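In order, the protein sequence lines correspond to chains A and B.
Residue 310 in our numbering sits at position 260 of the first sequence, with consecutive numbering throughout.
Residue 163 in our numbering sits at position 169 of the second sequence, with consecutive numbering throughout.
Just so you know, not all the hints are guaranteed correct.
[Said to hold, decoys possible] Counterexamples of contact, computed for chain B against chain A with all Cβ distances above 12 Å: (1) Leu3; (2) His5; (3) Gly78.
[As the list claims (entries may be wrong)] Simulated restraints on C-beta separations: (4) Arg68(B) <-> Pro95(A): 24 to 32 Å; (5) Arg72(B) <-> Arg152(A): 36 to 44 Å; (6) Leu130(B) <-> Gly285(A): 53 to 61 Å; (7) Thr197(A) <-> Gly40(B): 38 to 46 Å; (8) Leu129(B) <-> Gly285(A): 55 to 63 Å.
Worth flagging that the hints you see were computed from the coordinates, not collected in a lab.
These numbers were taken from a predicted model, which means no experiment stands behind them.
Each residue gets a CB set at the ideal place from its N, CA and C atoms; glycine is no exception.
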Amino acid sequence: MAQVLVADPGLGSASHKLAQIVRYGQDQPHLRWRLWMPASTRLHPESPWQALASSGLLFAQPHPAPALLLLSDAADWREAKRIYGDRPDLPKLHLLHGLDLRHWGHGALGQPAVRVALGEGLAEGLRRSQRLREPLQVLPACLDPETLPPPLRLKQGCLVLGRDHPELALAVQQGLLAAGFSCRCELSPWPRTHWQQAMVDSAVVVHLASPDGRPDLGQRQLAAMAMGAALVVDGRPLVDGLHRHGSNALVCLADAAELIQAATGLLQDSALRARLVQGGKAVLLRHRTALERLRFQEVLDQLPSHWSAARLAHAAPALSPLPPSR
Amino acid sequence: MTDISSHPLWHNTEREFLRAERLIERAVDQLQAQGLQHQQERARVGLELERALAPIQSLSAGLQQVIETMAQQRQENRLQRWQGELQNLLIPVDEAELQLQELLLQLEQPTSEHWQGQPLAEARPAIQRLQLQLLLSQRQRQVQQLQAELKELRLRCWTLETSGSAGSPQPEPDGLQGGSAPGPPAIFG
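Next up, chain A with everything else stripped away, as it sits in the complex (with noise of 0.2 Å):
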């Protein structure tokens, strides 16, 4: 019996991802899966672990002896920590998608687990922290467009995504409508729904990265492609391998003018547009969610010797790890 314990659910991407990957542990034979949530959870009609609860998964109370804990943030850990004590022996899955103390904190890092990284990103900011002493699995950035509201045929106008860097997503809208385009902006956090059908008849979409320490898994990048929109982004450290310049979106400098020169020139022209959306779709279909199904499936094939190994590194001197990345 796997116990998933979701001590905090929520709406976002990450919720959706951790659904999701609940759901491909399903079709593992030889394990059963339950999820646990405080008593007190009230699920959101939209939440992605609506599904699963309406499909008899959700228990009130956490199973007593679990073959496998999985848990994905501090909360968590926390509620692993009053359910089942101190058991170094309980094997655990830890689902990492963030970096900071949210995502490792009540003690995560101090007890054996199987650390799976959602994203190459994310991976590469656990590694480069050297938090971590067991070794690291990693699923890819993935994303089936059957799961996406149906783009418009006709497309105009630019969305301009920059949850993280209001101003500079203010500029970019001004210059815009100043160049007498159409063009709509995120300058707090939307929705899931919010962005995807805003995403639905936008020609060109501009997506400004999640400030380090905070990587995001992809999504709204693959989402973009896959609802035929041409993407600009900033050029911070690439998503997973997800952007080639000139070949599946444009990668500028975090710079308004470089940015509103990008938007307008793609908005201006159809041909590159064409060619971006066409790099964008050959990505998406190499970020198909078989190959992340395909991945924790393997993971969890070789959960006995993973758990071994994340046990072996506990039982060696600890590292001393970097100071938190600012």
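Fit chain B to the given chain A structure using the hints.
Coordinates of chain B only, in the frame set by chain A:
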């Protein structure tokens, strides 16, 4: 008086210079031949790379088509797994294709400013001009040496001719200063 051009040192120098010229010519010819060979070799490697790329591109397109077809159908778990495996297979194929394309791109870049296109044919006049300038300056130096030698010989002759007149003051070697005594003509300043 002997003519400069008949002096043995002049002849020796001229011979040496001609020999040097011939050596330079030969070296330039060899370089030209090597450059041509190098270009041919690059073209051959480029062709081989293009040949290697073709099956990889075809494999990549085939895999993409299969993945696309599978994705369009409602899939069982097993098919999903196969699709994932195909995506997995596509990764090294993509990497190989990218590397070959980068190699091809690098191969098409000129190796240096002076060796692109038909470099030696274009650079030949400039090389010859440089060779001639070198030769000219070397010959000028040689002429100056001969002039100095000639001057010394004339001085010696004049000393021998005037040694009979005892007590007469010795003129300055170039005969331009000191009294009215005739000195050797100063033809080379």
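Okay, the hints, checked on the actual structure:
1. Residue-level check passed: Leu3(B) sits 68 Å from the nearest beta carbon of chain A, beyond 12 Å.
2. With a cut of 12 Å on Cβ distances, His5(B) stays outside the contact zone with chain A, its closest approach being about 67 Å.
3. The beta carbon of Gly78(B) sits about 3 Å from the closest Cβ of chain A, which is not more than 12 Å, so the claim that it is off the interface is violated.
4. The beta-carbon spacing between Arg68(B) and Pro95(A), approximately 26 Å, falls within the hinted interval of 24 to 32 Å.
5. Hint check: Arg72(B) to Arg152(A), Cβ distance near 38 Å, so the stated range 36 to 44 Å holds.
6. The hinted window of 53 to 61 Å between Leu130(B) and Gly285(A) holds, with their beta carbons roughly 57 Å apart.
7. As the Cβ distance of Thr197(A) to Gly40(B) is approximately 44 Å, the hint placing it in 38 to 46 Å holds.
8. For Leu129(B) paired with Gly285(A), a C-beta distance near 56 Å keeps the hint of 55 to 63 Å intact.
In terms of the numbered hints stated before, the structure departs from hint 3 and from no other.
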